[in-house]
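**Student:** Taken in order, these protein sequences are the chains called A and B. Residue 100 in the numbering used here sits at position 100 of the first sequence, and the numbers go up by one each step. Residue 183 in the numbering used here sits at position 183 of the second sequence, and the numbers go up by one each step.
Simulated from the structure, these hints should not be mistaken for lab results. Errors might be hidden in some of the hints.
According to the in silico footprint, chain A covers these stretches of chain B (three or more CB under 8 Å from chain A) [as the list claims (entries may be wrong)]:
#, segment
1, 66 to 72
2, 104 to 114
3, 126 to 137
4, 167 to 181
5, 246 to 256
Think of the CB as a built atom: it goes at the ideal place given N, C-alpha and C, for glycine as much as any other residue.
Protein chains: 2
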Amino acid sequence: MGEPEPSEEDVMKVLIATDCHLGYAERDAVRGNDSFVTFEEILSTANTENVDIILLGGDLFHDNKPSRKTLHTCMQLLRKYCMGDKPVNIEFLSDQSENFKYNSFPFVNYEDPNLNISTPVFSIHGNHDDPAGQGNLCSLDLLSVSGLINYFGKCTDLDNVKISPLLMQKGETKLALYGLGSIRDERLHRMFREGKVSMLRPREDSETWFNLFVVHQNRSRHGLTNYLPEQFLDDFLDLVIWGHEHECRIKPEWNGQQNFYVCQPGSSVATSLCPGEAVPKCIGMLNIYKKSFKLSKIPLQTVRQFYIEDIVLSETSLNPEDPDIAERVLEYCCERVENLIDKAVSDHTGNIQLQV
Amino acid sequence: MGEPEPSEEDVMKVLIATDCHLGYAERDAVRGNDSFVTFEEILSTANTENVDIILLGGDLFHDNKPSRKTLHTCMQLLRKYCMGDKPVNIEFLSDQSENFKYNSFPFVNYEDPNLNISTPVFSIHGNHDDPAGQGNLCSLDLLSVSGLINYFGKCTDLDNVKISPLLMQKGETKLALYGLGSIRDERLHRMFREGKVSMLRPREDSETWFNLFVVHQNRSRHGLTNYLPEQFLDDFLDLVIWGHEHECRIKPEWNGQQNFYVCQPGSSVATSLCPGEAVPKCIGMLNIYKKSFKLSKIPLQTVRQFYIEDIVLSETSLNPEDPDIAERVLEYCCERVENLIDKAVSDHTGNIQLQV
Ligand SMILES: [Mn+2]
Ligand SMILES: [Mn+2]
Ligand SMILES: [Mn+2]
Ligand SMILES: [Mn+2]
C-alpha cells in the first residue's frame, strides 16, 4: 500500500471459510471424520490467528437434516473454540432486531450477557442447509438459538428482498456485511431481473464503509438463468465472498465491469471427484482497514487431497502391437492409480490429525 | 416437623417434573403446541418459585429424533428461562468427570465460566429419548453439549452398572442425587437379579446425605420381569422420583418394606386416552432440609384436561322398549361427549396460555 502499516486496533481480521459440509461421508470407515477434522482445523486456526470474527458462506452441514452425531460434533467444536475470555473488539452498530429478525434471540451472540463469546461466527445458509419444514427452520437456527453462531441472510418474502447490512466497527474500520442465504438460482435470477432485490446502505457516510457481501449461488454459468451473474450485484460492493462453488479460487479476482473483487474460498472437504475439488483447499485471512483489504490464503493441513492425472498411452512405452495389450494397459493404469493413492495417503498422514 | 423452620440458605429447592414429551402431536392443528406451552409453564414456575435446580425424569422428548422445530423450541425455552444472573447456591462436591463422563464437557453447566446459568436442569433420559445410533447419543446430549442442561444417568456397560451420585450441598443440606436413564425393563430386572447394579455412597458421613434417586422404568407390574420392583432398590434411599408412568401420583407414597418414599409426578402432557392420564397434571416442589423433605404439588395450569365418565344406561330415562332405542342411545351418548368436550374447552381456555 506504500502507506505505513495500520495499527492493529484499526484492522478487522475476518477468517473466511465456506462449504464445510459437516457430516459428509460420515458413515465411511476411512473418511467419516474428515469434515469434522477440517472444521476443527478452521476453528483452531481462527484462534491462533486471533481473528475478530469468522465468516462462513453456507453449506456448513452436508445434509438438510444432519445426524445427531454431526450436530453434536459441530456444537462441541463451536463451544470449545468460539467461547472464552478473549474480548470481542467489534462494535455492532446496526439495528440487530432487523439484522436477526428471524432469530429467537434477535441480537448478536457476543452481546448476550449470559454467553462468553470469544470469536463470533457469522453464517448464511447454503442449499444443503436451507430452511425447510415446520417453522421454516434450518440447522443453523439450532446453532443460533443455542447462542453458538450468528445466523443471518434468511429471507422469507421473496417478492421484495431488502438486504440490510450488519454494521460493525473496529477502530477506524467500518464493515457493512451483507448476506443472502441460498435461493434457487433460477428464482433468484428472476428476482434480480424484476428488480426485487435491493441492498440497503447506511444513511451516514455511506462512502466510508467497506462493503462485503456473502452469497451462496452458482457462480459459473449454468444455462441462461441457472446462476447469479456477477453483474447483477451492486457496484458499491468492495468484495464478494462466494460460497457454493467448491473449487478453491480464493485469490480475489477483479471484476472490472462491477468494480469489485470476488473471492471464492471453495469447500473445506471434497464432495465430488472432479478437477475443481483436486485443487488444494484453503481458507482466507481477510484483513480490512478502512476501504482497503488484504486477503491471504491459509492452506488447510488436514484435507484428504485428491489427485487427478491424465494418462496418454501414446506417451508410454506400451506397444500397441503387443497381443496382450489390453492386459498391459490395465496393469499400467492400475499402477498409476495405486501410485496416486499412495501419494494421497502419505501426504495426508503427514498432516495434523486433530481429535474430535 | 415441630421444629423451627429451617433457614432458606439451608433448604434445597428442587422442582420435579417428568415426561414432558416435547413434540407430542406437534402436527395436530389444535394440540400441536401443548407440550411446549406446558414445558414453558414448568420453567416459568421454576423461576417464580426461585428453585435451586430442576430435576427431570426422562422422556423430555416424545420422539427419539425430535423435529427441528421441537429441538429449537426446547433450546429456546431453556436459554430463556435457565440462563441469567440469579446466582446458583449449590456447591458441587463429587467428581464431575465421573458424574458426567459421557458428556463432551464433563462438568456441571453452571460452573462453566462461559455460561451464565441461573437454574441448572438435571435430567436422565427416558425410553422415548434414549441414546442410539452413531456415538450412542441422544437428544439430551445435544442440550448438554450446548450447555443448556446437565445430562446424567447414562450407562454403557450393562454388565456392571455402578451409579455414582451427584453430590451437592446447600448450607446444611447435602444431596446425593442418583440417576439411571431408561433401560429395557426385562434387561434391568435381570441385571438387578444378577447383582450387576450397585449404588455407590459417599465415603464420609454417609448417613448425613439425603439420598434421592431418579429412575425411568415401568413401576406397575407388567408380567414377571417387565418392570422394576421397588424392593430391588437400596433401602438407604430417602426418596425415589419415578418417571415413565404418566399418571400423576405425586404425593409421596411410603414403601414400608424399603423405608423410602416414592413420588411419581406423571407426564406434563397426556399422550394416551386412559383414566391415568385424566388425573389432573402436577409438578412437584421438593424442599430438602438435611435428611427431611417436604413435597408440595403445583397443579399445571396449561394442560389440556381429559375427562372420563362412565355412562350407565339403566340410570338414564331412556326406555329400552322404545322402537328407536338405538338412535336414542346414540343421541344421548353424543350429547354427553359434546358436554365433556365443551367443559374441556372452557376449562382450558380459562387457563394461562403462554406464547412459544
Ligand atoms: Mn457446497
Ligand atoms: Mn451449495
Ligand atoms: Mn417413558
Ligand atoms: Mn413418557
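**Student:** Which numbered hints are broken by the structure, listed smallest first?
**Tutor:** The structure breaks hints 4 and 5; every other hint is satisfied.
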